[in-house]
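*Asks:* Kindly generate the complete structure, drawing on both the sequences and the hints.
2 protein chains.
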Amino acid sequence: MHHNLCFIGFGNVARSLVRLLERKREALESKYGITYSVTGVATGSHGFAVNSDGIDVRQALEKVESGKSISLLSTFQVDDSLSVIQHSSASVMFENSPVNYDTGQPAIDHVKAALNAGMHAITANKGTVVHAYRELTALAESKGRKFRFESTVLGGSPLFSTFREAMPLAELISFKGIINATTNLILSRMEDGESFDDAVKYCQSIGIAETDPSGDVDGWDAAIKVSALATVLMDSPLKPQEVERKGIREITPAMVNQAKAEKKRWKLVASAERVGSQIKARVAPELVDSSSPLYGMMGSSSGLTFTTDVLPNYSVIISEREGMKGGPEETAYGLFADFVSAVK
Amino acid sequence: MHHNLCFIGFGNVARSLVRLLERKREALESKYGITYSVTGVATGSHGFAVNSDGIDVRQALEKVESGKSISLLSTFQVDDSLSVIQHSSASVMFENSPVNYDTGQPAIDHVKAALNAGMHAITANKGTVVHAYRELTALAESKGRKFRFESTVLGGSPLFSTFREAMPLAELISFKGIINATTNLILSRMEDGESFDDAVKYCQSIGIAETDPSGDVDGWDAAIKVSALATVLMDSPLKPQEVERKGIREITPAMVNQAKAEKKRWKLVASAERVGSQIKARVAPELVDSSSPLYGMMGSSSGLTFTTDVLPNYSVIISEREGMKGGPEETAYGLFADFVSAVK
Numbered sequence: 044m045h046h047n048l049c050f051i052g053f054g055n056v057a058r059s060l061v062r063l064l065e066r067k068r069e070a071l072e073s074k075y076g077i078t079y080s081v082t083g084v085a086t087g088s089h090g091f092a093v094n095s096d097g098i099d100v101r102q103a104l105e106k107v108e109s110g111k112s113i114s115l116l117s118t119f120q121v122d123d124s125l126s127v128i129q130h131s132s133a134s135v136m137f138e139n140s141p142v143n144y145d146t147g148q149p150a151i152d153h154v155k156a157a158l159n160a161g162m163h164a165i166t167a168n169k170g171t172v173v174h175a176y177r178e179l180t181a182l183a184e185s186k187g188r189k190f191r192f193e194s195t196v197l198g199g200s201p202l203f204s205t206f207r208e209a210m211p212l213a214e215l216i217s218f219k220g221i222i223n224a225t226t227n228l229i230l231s232r233m234e235d236g237e238s239f240d241d242a243v244k245y246c247q248s249i250g251i252a253e254t255d256p257s258g259d260v261d262g263w264d265a266a267i268k269v270s271a272l273a274t275v276l277m278d279s280p281l282k283p284q285e286v287e288r289k290g291i292r293e294i295t296p297a298m299v300n301q302a303k304a305e306k307k308r309w310k311l312v313a314s315a316e317r318v319g320s321q322i323k324a325r326v327a328p329e330l331v332d333s334s335s336p337l338y339g340m341m342g343s344s345s346g347l348t349f350t351t352d353v354l355p356n357y358s359v360i361i362s363e364r365e366g367m368k369g370g371p372e373e374t375a376y377g378l379f380a381d382f383v384s385a386v387k
Numbered sequence: 044m045h046h047n048l049c050f051i052g053f054g055n056v057a058r059s060l061v062r063l064l065e066r067k068r069e070a071l072e073s074k075y076g077i078t079y080s081v082t083g084v085a086t087g088s089h090g091f092a093v094n095s096d097g098i099d100v101r102q103a104l105e106k107v108e109s110g111k112s113i114s115l116l117s118t119f120q121v122d123d124s125l126s127v128i129q130h131s132s133a134s135v136m137f138e139n140s141p142v143n144y145d146t147g148q149p150a151i152d153h154v155k156a157a158l159n160a161g162m163h164a165i166t167a168n169k170g171t172v173v174h175a176y177r178e179l180t181a182l183a184e185s186k187g188r189k190f191r192f193e194s195t196v197l198g199g200s201p202l203f204s205t206f207r208e209a210m211p212l213a214e215l216i217s218f219k220g221i222i223n224a225t226t227n228l229i230l231s232r233m234e235d236g237e238s239f240d241d242a243v244k245y246c247q248s249i250g251i252a253e254t255d256p257s258g259d260v261d262g263w264d265a266a267i268k269v270s271a272l273a274t275v276l277m278d279s280p281l282k283p284q285e286v287e288r289k290g291i292r293e294i295t296p297a298m299v300n301q302a303k304a305e306k307k308r309w310k311l312v313a314s315a316e317r318v319g320s321q322i323k324a325r326v327a328p329e330l331v332d333s334s335s336p337l338y339g340m341m342g343s344s345s346g347l348t349f350t351t352d353v354l355p356n357y358s359v360i361i362s363e364r365e366g367m368k369g370g371p372e373e374t375a376y377g378l379f380a381d382f383v384s385a386v387k
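Residue numbers (our numbering), protein chains in the order written: chain W, 44 to 387; chain E, 44 to 387.
Don't read these hints as lab results, they were simulated from the structure. In this text the structure is predicted, and so the values were computed from the model without any measurement. Mixed in with the good hints, there may be bad ones.
Same chains, same label: a pair holds when it works inside one copy or across any pair of copies.
No farther apart than 25 Å at their CA atoms in a straight line, the calculated lysine-lysine pairs in the DSS-like style are these [unchecked claim]:
id, residue 1, residue 2
1, K387, K189
2, K323, K282
3, K303, K289
*Replies:* In structure tokens:
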């Protein structure tokens, strides 16, 4: 079946996704009978384009990556993201606009517009899940479409889809893990003798920490992911503000060295547990020893251990690999997997 | 939809599955619209029974567990497993007969009979995958039925299903991990000062090692699992004999202590890698350090790291949990998940 795709947000992740789709074009057709055209693109600062006959994606990538506008590729004048959705004739929308943790906007409005127009809506934007999971899921169901967000936690690795497709009727009792790669890399570098400030600077230099690193180091990013996981996998809406939260600023080099001497490590551990009808959720530094699956997760690795009524301890870990900086390519794969799952 | 189920083999795993199905009966109906009856049971030494109106499973469990025959529960005289399949009116067969590593029989014949009779065939038997994966998969496809075997590797945790359902078009380049829990427990206990012989005896005492432990300690069980993984996930039929194989008998207490002093550990590592059109597969003891995801996998834990073209390092780990001895219950969940996936 042929699918017209529109991209709302065209940063690193969306462009990696376009390249991945191109690379897998033949396999998509031969294995799943899926063909596609890109019929809408909305960028943050390089304009907007729709073309129901298909936009030349190589040109679109080239223009954006050389700082030019894509508006000349458009067959119809569009001036904002919602217009791109309306006029793209798309059956699938990929939402990758910048995250707003407080409101989830404008991503939520993009998802709603896409679903209302009969499209599947696929996003890497945590704000949509944290602020509107039930509403968007109900809207998608009422329209016979899918709302998917695999890439919001643990990069593009299968997690929500594993629970949905491969662990039927498993009841999630609790989970625990490392879900913020930046703080894990900072703590790893501190173990190697670097100061906190230098480790933060290193993370900024490789592009995994923001100029203001507080979202990571104060535990907000982890709290938002805990909230997304609890909301979806435990079916218990939980706001990031309800997660007990402590970051890593209090972890001193002396504490890191002391732990090392005891063959332990400080990790920023995120966890949630069902207690009666409540979810008790927490993000805080914890000392772990070598019997913990978290102990071996160094650098920008991340991972989670799930306790369910059917499998007592099931862990998923995404680890660093020398010479391969996951990042946007992995996140793009989560969106790709969501696409196949939604349309196949 | 209603399903008649038959059980070929009624040991710990099959009986755990019956209990799990009973526990999830309401959820199966409310979430998936699945109802079921058990209409055929073949045991190793407690007789055979078929009843197209449904066998009372509580009675069947009770009889077998108190050493009695189930044949009085039968409405029709059946004397062997193939007759149970033929006369069970089942739409799903669960195959849990003892594994024969050399031939895969009689499990392969059970699977063929079930598929030919129009049933889905679900098994925890590695022999069927290693000896007849392509043949059974082709037969299942020709009949519009499913051949499923989630529980053959890493207990009942999702692995084959994750690749099948949640990682579309991911190309598996290599994998590496610990897939024999018994040897991992032996090596863990040796690190705590126990001798090899005492550790083997301990494993025998808790029922995870056989009287003849050579299948585990010489690496055969791991080699068979490597072969199943490569055959299915790399689409490259690989016989256990083609896996380069070395067990743990040469690992001395001195070696374990030396590793410990260097903050390393000996692990029986199973791996396979695509090299050109060949698969290079290996089971052998390796020294791992704390940067490896294998380092923290102690006791009867097991796990695998997968390198794919889309996710560089994706790991799945099943770890021990105090007071919960996974074993048959976890394996049963893999069969349960296969059942839901096959019929939903």
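*Asks:* Kindly indicate which numbered hints from before are broken by the structure, ordering the numbers from low to high.
*Replies:* none
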